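The listed protein sequences derive, respectively, from chains V and A. Its first residue numbered 1, the first sequence is counted upward by one per residue in the numbering used here. Its first residue numbered 1, the second sequence is counted upward by one per residue in the numbering used here.
Worth flagging that the hints you see were computed from the coordinates, not collected in a lab. Honestly, I wouldn't trust all of these hints.
As the list claims (entries may be wrong) - Cut-off 30 Å, straight-line C-alpha distance, at most; resulting in silico cross-link-like pairs (DSSO-like, lysine-lysine): (1) V:Lys126 x A:Lys190; (2) A:Lys274 x V:Lys126; (3) A:Lys446 x A:Lys274; (4) A:Lys98 x A:Lys292; (5) V:Lys126 x V:Lys157; (6) A:Lys292 x A:Lys190.
Note that this is a predicted model, so its numbers are computed, not measured.
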Amino acid sequence: MSIVTLIGSFTDDARCAHAIEALREASIEDFHTFSPIPSHRIEHAIGQSPSPVRWIALAGGISGVLTGLAITIGTTYEWHLNAGGKPLLSWPPFLIICFELMILLGGIFSFSGVLFFAGVPALDSKPGYNSRFSEDRFGLVVRCDEAQSTSIESMLKEAGAEEVVREAS
Amino acid sequence: MAAALKQPLEPNFGDIDRSVLRVMEPAGRAYLIWIGFCFTLVAIAGAMWARQIYSGLGVTGLRQPVMWAIYITNFVFWVGIAHSGTLISAILFLFRTKWRTAVYRAAETMTIFAVATAGLFPLIHLGRVWFFYWLLPYPNERYLQPDFRSPLVWDAFAVSTYLTISALFWTMGLIPDVANAREATTGWRKKLYTVFAMGWQGTDRQWRHYSMAYLLMAGLATPLVISVHSVVSWDFAMAQLPGWHSTIFAPYFVAGAIFSGVAMVITLLIPMRKWLGIEDLLTTWHFDNLAKVVLLTSLIVSYAYVTEGFMTWYAGDPIEQMTFHMRYFGAWGWMYWVMILCNCVIPLLLFSPRIRVNLTVLWIITIFVNIGMWFERFVIIAGSLRVNFEPSQWGSYSPSITEIAITIGSFAWFLGLFSLFAKFMPIISMTELKEGIVWLRKALRKDIANAA
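With the hints as extra help, turn the sequences into a complete structure.
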């Protein structure tokens, strides 16, 4: 049985989300979308779990606090500077450094996390990409058996696809 | 107004793209002359700095007791200018403010270049700039380390964190827009945008992680923006000097930073809107809301001025009272009253809804705010140093040509970088404008109705 790729093009995210719901009701899960904007409708229709980037950010934040503590305590013990009789380990100013490093590493980890999980930089195009999907159209790309393709094509059209293009995989 | 609109009253996604991408078309002669003018001034400032490095700080007007003056004023001024970008891009994002979408990229770009400008001034102010790294902890043979109890070290960490996080947040927002530009351009520009877009295609997987990271970055940038100017204010407040040593400095400086930053956004956006022909993307609705932020923060800053004076009177410390007496009525008193006029009195005009949408008047008001906020920093920094504890230590200060040239060069550096960005990268976020297209249409309908 040969595999075909169907590319549905939608004028708005509501129709695209409707088509995704129809596909999922028919237990078809081998699809992906392209869109010019992030869409909560599409996200909910696909049923995506929250991104793991948040855990990466948390790890970054914790690393930042620990790095801050290590730098401030470590350098203080290396260079015993008595400044106006203040305690050697002066926690209030040290916490400022910990706070700044928490934000710094939290941000760097978040940014790195999104690049890693989103597969960016990407050298290859994902199948079915069309330049209009970066501009003003929402694309839904379905890979399926040729036998199923006619019913899926009509499913996409019923949901409001402007056009459905068929490509051999 | 209606005649100036270049796209339909009900723009769609394609119309937004065309309006933004039109700005990025090859530059004309006027633009090239402007860029040449800016970077000529930068080159003059660079030459003056080189002379200062060679000759020493003696070429400046810095003398005891005023050892912090225009350079540190410029540092605080530019860090303050940077604050509105993160306010608009992060804090207003978390509050889901609808009008931010058209202005946030320009504000964020302003932030990056303002921090990059601000970061130069502590270096310029160093007598031996080649030892700048002494401010950071690094392994060395004598086990010398910076004193983490010093606010100057906090400042180095805060400002470099701010620059890094703002740059990452800005880059992240740019990726989908640059991918869009990649599809619409040809030749070397297409190659450039293809590299910068890093293969972004807007798949559901990419948006899923992007949306989460964007939210997290906004969440991280929000306390950061508050902390950075608080830390800058502690450079002064932690000292014992009358006029600096005050507990209200952190909120007072943060409000002042947002005040001056949003005013600078308006100062840049009004001419940019006209020269780049983007009246259909930046409507009077956007400026009305920006003006309201200026008005609100002006009232907070005015309240801080009054509180500062009241605390000095109520505390009854004669040395501090003398400092404030000299600030109000001394030889430099005129600067204080210029600051009051520009920061407290003139912005009251923004209570009028008609003035808030009259872009010529609004632009002039924001110029006054920029001038007033520069003077505010100078009055606090140099004015307080000038009148020290003992009258025998009192002195004066007048800037040298080196300091003036470097100050003018810093404005040229900032404006030149901003103008370059506006021509080569999407200065308005197409992605976010499309997300809020309903609000853009509503604002355009209002502009047309007002014009009619």
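Do the hints match the structure? See the list:
{"no.": "1", "hint": "V:Lys126 x A:Lys190", "verdict": "holds, 19 Å"}
{"no.": "2", "hint": "A:Lys274 x V:Lys126", "verdict": "violated, 40 Å"}
{"no.": "3", "hint": "A:Lys446 x A:Lys274", "verdict": "holds, 19 Å"}
{"no.": "4", "hint": "A:Lys98 x A:Lys292", "verdict": "holds, 14 Å"}
{"no.": "5", "hint": "V:Lys126 x V:Lys157", "verdict": "holds, 22 Å"}
{"no.": "6", "hint": "A:Lys292 x A:Lys190", "verdict": "violated, 40 Å"}
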